[in-house]
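Starting from two chains that each stand alone, build the complex the way the hints lay out.
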Amino acid sequence: MAFTIKKSWSDALVFGLSVFLIFCLIFESYIELPSLVGWLGNWHPLILHFPIVLLVLAVYVNLVKKKISRHLLTLATLTALITAVTGFFLSLGANNKGDILFWHQWLGSGLALITALWYWLDGQKLGQHILVKILQVLIVVATVFAGHYGGMITHGEDFLALPSGNSLDKIPKDPIIYDHIITRIVDEKCASCHNPNKQKGEYIMTSLKDLIKGGKTGKAIDLEHPDKSELLRRLHLPKEDEEHMPPSEKKQLTSIEIELIEEWIRLDASDTLKLHHLKSDEPLVALVNTFIRPDATITWRKLPEVDNTILENLSSDYLTVKRLANGTDALSLNMYAPPQYSEHMITGLTPIAQNIIELDLSGLPIAEKEMAFIGTCINLEKLEIDRTQVNDSTVTQLKALNKLKILKIFDTAISDTSIAVFKDLQSLEKIFIKDTRITNQGVLELQNTRPSLNITYTIDEELVSYFIKDSVSEVISEKK
Amino acid sequence: MADKKNASENPLKINRRHFFSQLSVGIGSLALGSLLIPDLFKGNSPTLGAKPLGIPHFAPKAKRIIYLFQAGAPSQLETFDYKPTLIKRMGEDLPDSIRNGQRLTGMTSGQEKFPLMPSAAKFKQYGQSGAWISDFFPHMGKIADELCIINSMNTDAINHDPAITFFQTGTQQSGRPSMGSWLSYGLGNENQNLPSFVVLTSRGKGNSQGLYSKLWSSGFLDSKHQGVLMRSGKEPVLYLNDPDGLSRSDKRHLLDHVSSLNKMHHVETGDDEIESRIAQYEMAYRMQMSVPDVMDIKKEPESITKLYGEDVQVAGTFAANALRARRLAENGVRFIQLYHQGWDQHGNLPSEMAGQAKDVDQASAALILDLKQRGMLDDTLVIWGGEFGRTNFCQGKFDPKTFGRDHHPRAFSIWMAGGGIKPGITYGQTDEFGYNVVKNPVHMHDFHATLMHTMGIDHEQLTYKYQGRRFRLTDIAGNVINDILS
Numbered sequence: 001m002a003f004t005i006k007k008s009w010s011d012a013l014v015f016g017l018s019v020f021l022i023f024c025l026i027f028e029s030y031i032e033l034p035s036l037v038g039w040l041g042n043w044h045p046l047i048l049h050f051p052i053v054l055l056v057l058a059v060y061v062n063l064v065k066k067k068i069s070r071h072l073l074t075l076a077t078l079t080a081l082i083t084a085v086t087g088f089f090l091s092l093g094a095n096n097k098g099d100i101l102f103w104h105q106w107l108g109s110g111l112a113l114i115t116a117l118w119y120w121l122d123g124q125k126l127g128q129h130i131l132v133k134i135l136q137v138l139i140v141v142a143t144v145f146a147g148h149y150g151g152m153i154t155h156g157e158d159f160l161a162l163p164s165g166n167s168l169d170k171i172p173k174d175p176i177i178y179d180h181i182i183t184r185i186v187d188e189k190c191a192s193c194h195n196p197n198k199q200k201g202e203y204i205m206t207s208l209k210d211l212i213k214g215g216k217t218g219k220a221i222d223l224e225h226p227d228k229s230e231l232l233r234r235l236h237l238p239k240e241d242e243e244h245m246p247p248s249e250k251k252q253l254t255s256i257e258i259e260l261i262e263e264w265i266r267l268d269a270s271d272t273l274k275l276h277h278l279k280s281d282e283p284l285v286a287l288v289n290t291f292i293r294p295d296a297t298i299t300w301r302k303l304p305e306v307d308n309t310i311l312e313n314l315s316s317d318y319l320t321v322k323r324l325a326n327g328t329d330a331l332s333l334n335m336y337a338p339p340q341y342s343e344h345m346i347t348g349l350t351p352i353a354q355n356i357i358e359l360d361l362s363g364l365p366i367a368e369k370e371m372a373f374i375g376t377c378i379n380l381e382k383l384e385i386d387r388t389q390v391n392d393s394t395v396t397q398l399k400a401l402n403k404l405k406i407l408k409i410f411d412t413a414i415s416d417t418s419i420a421v422f423k424d425l426q427s428l429e430k431i432f433i434k435d436t437r438i439t440n441q442g443v444l445e446l447q448n449t450r451p452s453l454n455i456t457y458t459i460d461e462e463l464v465s466y467f468i469k470d471s472v473s474e475v476i477s478e479k480k
Numbered sequence: 001m002a003d004k005k006n007a008s009e010n011p012l013k014i015n016r017r018h019f020f021s022q023l024s025v026g027i028g029s030l031a032l033g034s035l036l037i038p039d040l041f042k043g044n045s046p047t048l049g050a051k052p053l054g055i056p057h058f059a060p061k062a063k064r065i066i067y068l069f070q071a072g073a074p075s076q077l078e079t080f081d082y083k084p085t086l087i088k089r090m091g092e093d094l095p096d097s098i099r100n101g102q103r104l105t106g107m108t109s110g111q112e113k114f115p116l117m118p119s120a121a122k123f124k125q126y127g128q129s130g131a132w133i134s135d136f137f138p139h140m141g142k143i144a145d146e147l148c149i150i151n152s153m154n155t156d157a158i159n160h161d162p163a164i165t166f167f168q169t170g171t172q173q174s175g176r177p178s179m180g181s182w183l184s185y186g187l188g189n190e191n192q193n194l195p196s197f198v199v200l201t202s203r204g205k206g207n208s209q210g211l212y213s214k215l216w217s218s219g220f221l222d223s224k225h226q227g228v229l230m231r232s233g234k235e236p237v238l239y240l241n242d243p244d245g246l247s248r249s250d251k252r253h254l255l256d257h258v259s260s261l262n263k264m265h266h267v268e269t270g271d272d273e274i275e276s277r278i279a280q281y282e283m284a285y286r287m288q289m290s291v292p293d294v295m296d297i298k299k300e301p302e303s304i305t306k307l308y309g310e311d312v313q314v315a316g317t318f319a320a321n322a323l324r325a326r327r328l329a330e331n332g333v334r335f336i337q338l339y340h341q342g343w344d345q346h347g348n349l350p351s352e353m354a355g356q357a358k359d360v361d362q363a364s365a366a367l368i369l370d371l372k373q374r375g376m377l378d379d380t381l382v383i384w385g386g387e388f389g390r391t392n393f394c395q396g397k398f399d400p401k402t403f404g405r406d407h408h409p410r411a412f413s414i415w416m417a418g419g420g421i422k423p424g425i426t427y428g429q430t431d432e433f434g435y436n437v438v439k440n441p442v443h444m445h446d447f448h449a450t451l452m453h454t455m456g457i458d459h460e461q462l463t464y465k466y467q468g469r470r471f472r473l474t475d476i477a478g479n480v481i482n483d484i485l486s
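These protein sequence lines map, in sequence, to chains A and B.
Residue 282 in this note's numbering sits at position 282 of the first sequence; the count goes up by one each step and never skips.
Residue 287 in this note's numbering sits at position 287 of the second sequence; the count goes up by one each step and never skips.
So here's chain B without its partners, still in its complex pose (with noise of 0.2 Å):
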C-alpha cells in the first residue's frame, strides 16, 4: 500500500520488478522512434532538453539580469512611443480602421467614445542615437545611448494578473515557473551563498495592483529556483538571524541533527523535495552571513550613492533597491527583479505619472552608469518595462489634465541595455496612432526567446517534462530578435 502510494507520488522512483517489465517496452520504442525519426540517434542533432544543467548551451554575452519591472504598466505614450499625430488629432474618435475590433476592459467598453488624447509630456531627442524619450525621464535621456528602446512589443492579455503573469511565467495561466526560475534551473547558482533569484518590491505613489508570491514562483521546478523576496529594513529575509541565545556553532549542530533527520525520511520516501529542503537550509545558513553584507548600502561610496538621487537613502523605495540589485548582481544573483508598483493610470495619468517616472528615472539611469563604470554593462542585461501598454485614447473625462488611458495589448514599449544588447537603438514601429505595430513586432515569447538567448541559452533546449509533457518558459512559439543582439 505504502509501495503504491510512494509509485505514485514519486513516479521515478521505481523498483526492480517496475523497471524490468518497462525496460522492454523502453528499448521497443526506442527502435521505434529511430524509424520514425532519424535523427534521434545524431549526435550532433538537438534532441529534447538533451543538455546538461547548470552550463549554457552557448558561451553567452550575460551572466546576470536586473529586472526592473513597472507593474501596473506605464503608458508608451508617456515614455518612449513619440506620436506627434495624437497632437494634431486631439478628440477626435479613434478610427475604427484602427481599433480594428480590439477588445476593451469592462472599465471603457461603456465609453460612447473613444477621443485620442496626445502625450501627457513633451518629447526630446536624446544622445548620438536621436532616441526619442519623454521629458518624464530625462535622466534616461541622458543615457539614451546604452538604450535599446523597444516600442513593438506585444502582448495576448489585457488585464493586468494574466498579463502580469504572461510576462513572468510565458502563459497567461498561473501555474508555470517564473522566468527567473527557469534561469536558476538551467544555469543553475553562481554564488552558493545567495540564492538565484531575488526579488526586491517598492512602491509608487500611482493607482497600484497587487504582487502576489506566486509571480516569482518555481512552479513544478524544483522550490530551490523560487525568488527569494527581500524585505527593505533590517531583516531582508525573515526569520533568518538566529533568535537572541542561540549561538552560530548551536545553530550548526542543530541543522545537522535536521538534517539528519531529514535524510533519513528521503530514503524512505524518495521524495526529492525533501533535499531541495535541506539544500536549503545550508542555503539559509550561509545567507546569515552573505545577506547582511550584500543588502547594507551603508559601505556604498557617497559618490556611488548620489548617483542614485536622494531616495536612495530611504529603505524600500525603488531606488534604494536599484543600488541593492547591483550588490546582489555583484555577488553572483544570477535574476534580480524590482518591481515598481503604482503605474495604472486610468485617471489623473498627467500628475501620477510625473510622480511614478520621478521614483524611478534617475535611479535607473544610475544603475546603467554605475554598472558601466565597474565593467559589469557587458554582461549584465538591464530591462525596463511593464505588462503591457495603454490606450491612446481617453478614459474618463476629456480633460488634458486629469485624464486618463485604459489597458492595451497591442502596443507597448520597454529598453533594455547591456549584455549582448545592441546599445542605442530604437526597435520597432507603432503606426502613427500608436495603437498597432506595423515594424518588427515583438511579441512576449520572442522577449523571452532574446533574453534567455543572452544568457547563452537556446529557449527550445531548456525543458521539464511535468505531467506527461515537456515544458519551456517559450512553450511551443518564439524566435530570438537577432536585430537587437550585439
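Here chain A stands alone, though its shape is the one from the complex (with noise of 0.2 Å):
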C-alpha cells in the first residue's frame, strides 16, 4: 500500500536524523567537514522559515482540538531536523562559539528533537494526550528563543533593543579615549560583525586585545608601526575594494572617526588614556572634542513643534521663515529692509521665539522692543545684529542667550561696557565686532576671559597695508 511505504520512509527519515543529530551534537569537536557538507550550511538561513511556520501551524490546529494531517507534521519535523543539521554544519565555521551561538544552538538542536518526540507520539496514537500538550507548548516557547537568538546573531545583540534616546549623553566630559570614543565607535560599525558570535575574518572587535590581535590576516594594529596597521589600511582603501572595511553596502566611518582611531593607535591605543592627559596641540583633542560635541540636529529634537501653515501666514516678501533642515522645528529667519518697517514685524513673531535657531536681522532700525523679544529666543545659535543701532544698554537683553555660538554684531555703537555681556554667553564660539567702539584693550579682555573664543575685530594689519599698498603702486607703475 502505497501509505504504508511512504510513512515507513518518512518514519525512517526522521530516526535518521535524529540519530545523526545527536551524533554531531556529541562529537562536535572530533567533526571535520568536508567543504561541500560546509557549504549545505549556508542554506540554515534559508531553511529555518519553513519549521517555524509550520510547527506554530501545527501546535496551533492541534490544540483546538483538530485532528492534524499527518503530512503536515511530517514536514514540519522533517524541516525542523533538516534546519538544526544545517545550523549545526554552518556553527563549525565559527572557530569560538560565543554565548548567543551557544543558547541557539541547544535550543535548535533540542527543539528539533522534542519535534521528532512529538511526531513519534502521534504515531503511536497518543496525538492528544496531556504529555503531547506540554510538548507542544515546549516547542513554541523553544521556537521563540531559538529564533530571537538566531536573530541575534545575524542582526548584532541590539537589534531588539529599543532606541537609546540621547546616547551622547553617556559620553562624560572627560572620557576614556578606548572606553568611551574608540568602543563606541566600533559597536556601531564594526561588532555585529566582529563578536564572539559571528567572527567574520576570525575577528573579534569587542575587546582591546582581541582588536590588537586580529583575525585571519594577522595582527590588526601594529603599536611599532602604526601607519602600518592592517586596520588602518582597511579603512582607508577606496569603497570599491573588496578588503575595504566595512563593506561597503554597510554604514561607513566618518572621516572623523577614522582619524579619531588613527590617532589613538599612534598614542598606543592604551585603554586608560583620558582626554585631560593629552596636550592642548595634540590633533587626537580637537578630534574628540568635535566628535562629543552634541549633534545639533538631537538637541533641536526637543524644540516645541511649529505647523507649516504658522510659517506661511509668518513669511512675506520681507521676512523668511524657513525650517533649518527637513523635518526639524528648528528655524532660520531673515528679515530684509522692508520699505515700511515697524518693530510689530518683529515683535510679532513671539509664537515662534522658541524655536528660532538662526535669526538675522542685519541692517534693520532696531531699537529695545525688538531687543527685548530677542532676549527671549533662548535657543538662538547664530543671531546677526551687524550695522543696527544696537547699543551698551539694549545689548544686555542676549544675557539669556545661554546656546548662542555666533554673534555678528559689527559695525554697531557697543563699546567695551558690552564686553562684560558677551564674557558670560556661555555657548559663544565666535564674535564678530570690527567697525565698533570697542578697544583693543576691550578685545584683549574678552579674550583673556575666553581663551577659545575666535574674535574677528579687524583684518590682519599686514594682510591689508599688503592688499592696498599694492593697488596704489600697480597704478603708480602703470603710469610711468
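Source of the hints: derived by calculation from the structure; they are not laboratory data.
Treat the hints with care, since some could be wrong.
For lysine-lysine, the following DSS-like pairs were computed, each having C-alpha atoms within a straight-line distance of at most 27 Å [said to hold, decoys possible]:
no., chain 1, residue 1, chain 2, residue 2
1, B, Lys422, A, Lys189
2, A, Lys250, B, Lys439
3, A, Lys251, B, Lys439
4, B, Lys306, A, Lys469
5, B, Lys124, B, Lys372
6, B, Lys122, A, Lys469
7, A, Lys403, B, Lys422
8, B, Lys422, B, Lys124
9, B, Lys422, B, Lys372
10, A, Lys469, B, Lys358
11, B, Lys358, B, Lys397
12, B, Lys401, B, Lys113
13, B, Lys299, A, Lys434
14, B, Lys88, B, Lys122
Here are the simulated distance ranges between beta carbons [said to hold, decoys possible]:
no., chain 1, residue 1, chain 2, residue 2, range
15, A, Trp43, B, Ile476, 35 to 43 Å
16, A, Ser280, B, Ile87, 38 to 46 Å
17, B, Leu254, A, Leu444, 56 to 64 Å
18, B, Asn482, A, Asp179, 24 to 32 Å
19, B, Arg469, A, Val464, 51 to 59 Å
20, B, Leu238, A, Thr299, 45 to 53 Å
21, A, Ile258, B, Asp135, 35 to 43 Å
22, B, Ile476, A, Ile258, 27 to 35 Å
Backbone N, C-alpha and C define an ideal beta-carbon position, used for all residues, glycine too.
The following block contains the structure:
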C-alpha cells in the first residue's frame, strides 16, 4: 500500500536525522567537515523559516482540538531536523562559540528533537495525550527563543533593543578614549560582524586584546608601526575595494571617526588614556572634542512643534521663515529691509520665539523692543545684528541666550561696556565686532577670559597693507 | 479638441474621467511596486524626490555659493599644480605612456611633436599649509590657508562649449538646468525681493570664448529658477525701471490688472508657466527697490573697496563684480555666478595669463577676506576655476615667451573656500608631468555632488521628472568628496 510505504519512508528519515543530529552534538569537537558539507550549512538561514511556520501552524491546529494532518507534521518535523543539522554545519565555521550561539544551538537542536518525539508519539496514536500538549507548548517557547537568539547572531545583539534616546549623554566630559570613544565607534560600525558570536574573518573587535590581535590576516594593530596597521589600511582603502572595511553596503565610518582611531593607535592604543592626559595641541584633542559635541539636530528634537501653516502665515516678501532642515522644528529667520518697517514685524514673532535658531536682522533699525524680543529667543544659536542701532544698554538683553554660538554685531555703537555681556555667553564660539567702539583693550580682556573664543576684530593689518599698497603701486607703475 | 490639446500640453491637469481611469492602474502598480521594492512604503527609507522642496534635506554648512568662473580654462600649470619635472624635461616629447591615447583638439592634432613646456610662472609655497601657488597669484597666496585647492579635477569634454555646459548643467548636451537653477529649485529664495540665481560677467584682455544665456538657463525647471544676468552700469536689469511719467502706484495698478488677466488665462489653460509669469512680474516690481540698492557699491566704505583693488571703481570689471557678489550674497541671493572671460591661451600664454591673473587675483582674495571679517565665510562657499585644464606640451612655436597650451580634460585645478569645506588643504595629485590624475580624482559629477552637499542637499534626492524620467544635476553618477568637507 502506497500509504504505508510512504509512512515508513518518512519514519526512517526522521529517525535517521535525529540520530545523526545527536551524533553530531556529542562528537562535535571531533568533526572535520568536507567543504561541500560546510556549504550545506549556508542554507540554514533559508530553511529555518519553514519549520517556524509549520510548527506553529501544527501546534495551533492541534491545540484547537482538530486532528492534524500527518503530512503537515511530517513536513514540520523534517524541516526542523534539516534546519538543526544545517545549522550545526554552519556553526562549525565559527571557531569560537559565544554565549548566544551556544544557546541558539542547544535550543534549536532541542526543538528539533522534541518535534521528532512528538512525531513519534503522534504515530503511536497518542496525539491528544496531555504529555503531547505540554510538548507542544515547549515547542512554541523553544521556537521563539531559538529564533530570537538566531536573529541576534545575524543582526547584532542590540537589534531588538529599544532605541536609546540621546546616547551622547553617556560620554563624560573627560572621556577615557578607548572606553567612551573607540568602543563606541566600533560598536556602531564594526561589532555587528566582528563579535564573539559572528567572527567574520576570525576577527573579534569587542575587546582591546582581540582588537589588536586581529584575525585571519594577522595582527590588526601594529603598535610599533602604527601607520602599517592592517585595520587602518582597510579603513583607508577605496570603498570599491574588496578588502575595504566596513563592506560598501554597510554604514561607513566618517572621516573624523577614522582619524580618531588613527590618532588613538598612534598614541599606543591605550585603554587608560583620558582626554585630560593629552596636551592641548595633540590632534586627538580637537578630534575628540568635535566627536563628543552633541549633534545639533539632536538638541533640536526638544523644540516645540511648529506647523507649516504658521510659518506660511508669518512669512512675507520681506521676512523669510524656514526650517533649517527637513523634519526639524528649528527655524531660521531672515528679514530684508522692508519699505515700511515697524517693530511689530519682529515683536509679532513671539509664537515661534523658542524655535528660532538662526536670526538675521542685519541692517534693520532695531531698538529696545526688538532686542527684548531677541532676549526671549532662548534657543538662538546664531544671531546677526550687525549694522543695527544696538548699543551698550540694549545689548544686555542678550544675557539670557546661553545657547548662542555665533554673534555678528559689527558696525554698531557698542563699546567696551558690552564686553561684560559677551564674557557671560557660555556657548559663544565666534564673535564679529569690527567697526565698533570696542578698543584693543576690550578685545584683549575678552580674549583673556575666554581663550577659546574666536574674535574677529579687524583684518590683519599686514595683510591689509599688502592689499592696499599693492593696488596703489600698480597704478603708479602703470602711469610710468 | 481644445481639451485634448490642453491635456497633452499640461499633462498634470487631468479631468475626472482621466483621473478615475488612471486610478485603477495606479493602485495596481502601487501593489506591484511594493512587492518588487520592499522598501517602497517604509517611512525612513529614501524614496526618490520625496523630500519637500524649499527646505534643505539636512542642516547645511553653506547657505550660498559665489562661483568665480574663469571662462576659457586657465592652465593648471600656471596656477596651482607645481610640476618641476617639466623644467628638467623641457622640450622633450610627451611620452606616449603618459599621453596614453588622449584625444586632441583639431588645433594640436596636426602637430608632429608635443614638446613639454614648463610653467611660465614661478611657484612658491604659502601659509601654514604650504600650498603651492604660482607668482601670477600673489594675493591668493596671502590667503592660502583659507583655500582648499583641488588639483585632481577632471572632465569628459575637450572643447569649450560642451565642457562649460557640463560644468553648468551636469551634462555636455545643452538643455538641462544650470546648477544655480537646481539649487534655486531645491532651496527656494532666501530673499523674496531678489532672484535666487544671479549672473555677473566680465572680460579680460586674453583670448575669449563666448558666453551665452543657455549656461544659466533653468532648462526644464520652472523659469523662475533661471539665472538673472545683472549688467554693469546704471541699469543692472534692463527695463526694470519705470519709464518716465509712470509712478509707482500706476505701476501697481497696471500689475494688478495684468495679473488678473493672467489668472483668467491660467484657469483656462492650466499652464503653470503663467503662474511663474505672475510671480516674476511681482518679483520685478520688488526688484525695482532692491536691485539699485544692492548693486550700488558706492555705499561701501573705502577700507573695503580698496581691498578689492583699483579696478573695483570701474563698472563691469571682475573686481567690481566680486564686490557686488558679496553684496548680493549678504542680501540672500543663493547662487551668484561670476564669469571672467579671456582664459583661452592657445598662444602668448605668459603675457596673456599674467594679465588675466591680474584682473582676478586681488579681487578674488579680497572677497575671501571681506567675507571672513563679516562672519560670512563660514556659510558662503566660494569656488574659483575654469572648465578644463591645459596641455603640458606646447601648442604652436616652441618659444618660452609666446607659447600656448591646448585644451586638456584629464586634470585641472580649482579652489574652494568657506562654507563647509576644509581650509588650508591641497587635495588630489597629478603625475610628475601634470597630465594624469594619480590620486583622489574629482570628476565633475563628484564636484556637483559635493557642492550640493555643502548646501544641505542630497544630490540623489533632488530630482525633477521630465519626459518620463527623473533627472538630477549629477544624473546617474557622483560621490560626495567627504575628505574635503570640514
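Hints and how they fare:
no., hint, in the structure
1, B:Lys422 / A:Lys189, "25 Å, holds"
2, A:Lys250 / B:Lys439, "25 Å, holds"
3, A:Lys251 / B:Lys439, "24 Å, holds"
4, B:Lys306 / A:Lys469, "9 Å, holds"
5, B:Lys124 / B:Lys372, "24 Å, holds"
6, B:Lys122 / A:Lys469, "23 Å, holds"
7, A:Lys403 / B:Lys422, "25 Å, holds"
8, B:Lys422 / B:Lys124, "21 Å, holds"
9, B:Lys422 / B:Lys372, "15 Å, holds"
10, A:Lys469 / B:Lys358, "15 Å, holds"
11, B:Lys358 / B:Lys397, "25 Å, holds"
12, B:Lys401 / B:Lys113, "19 Å, holds"
13, B:Lys299 / A:Lys434, "17 Å, holds"
14, B:Lys88 / B:Lys122, "14 Å, holds"
15, A:Trp43 / B:Ile476: 35 to 43 Å, "36 Å, holds"
16, A:Ser280 / B:Ile87: 38 to 46 Å, "43 Å, holds"
17, B:Leu254 / A:Leu444: 56 to 64 Å, "59 Å, holds"
18, B:Asn482 / A:Asp179: 24 to 32 Å, "27 Å, holds"
19, B:Arg469 / A:Val464: 51 to 59 Å, "53 Å, holds"
20, B:Leu238 / A:Thr299: 45 to 53 Å, "48 Å, holds"
21, A:Ile258 / B:Asp135: 35 to 43 Å, "37 Å, holds"
22, B:Ile476 / A:Ile258: 27 to 35 Å, "28 Å, holds"
Hint violations for this structure: none, all hints satisfied.
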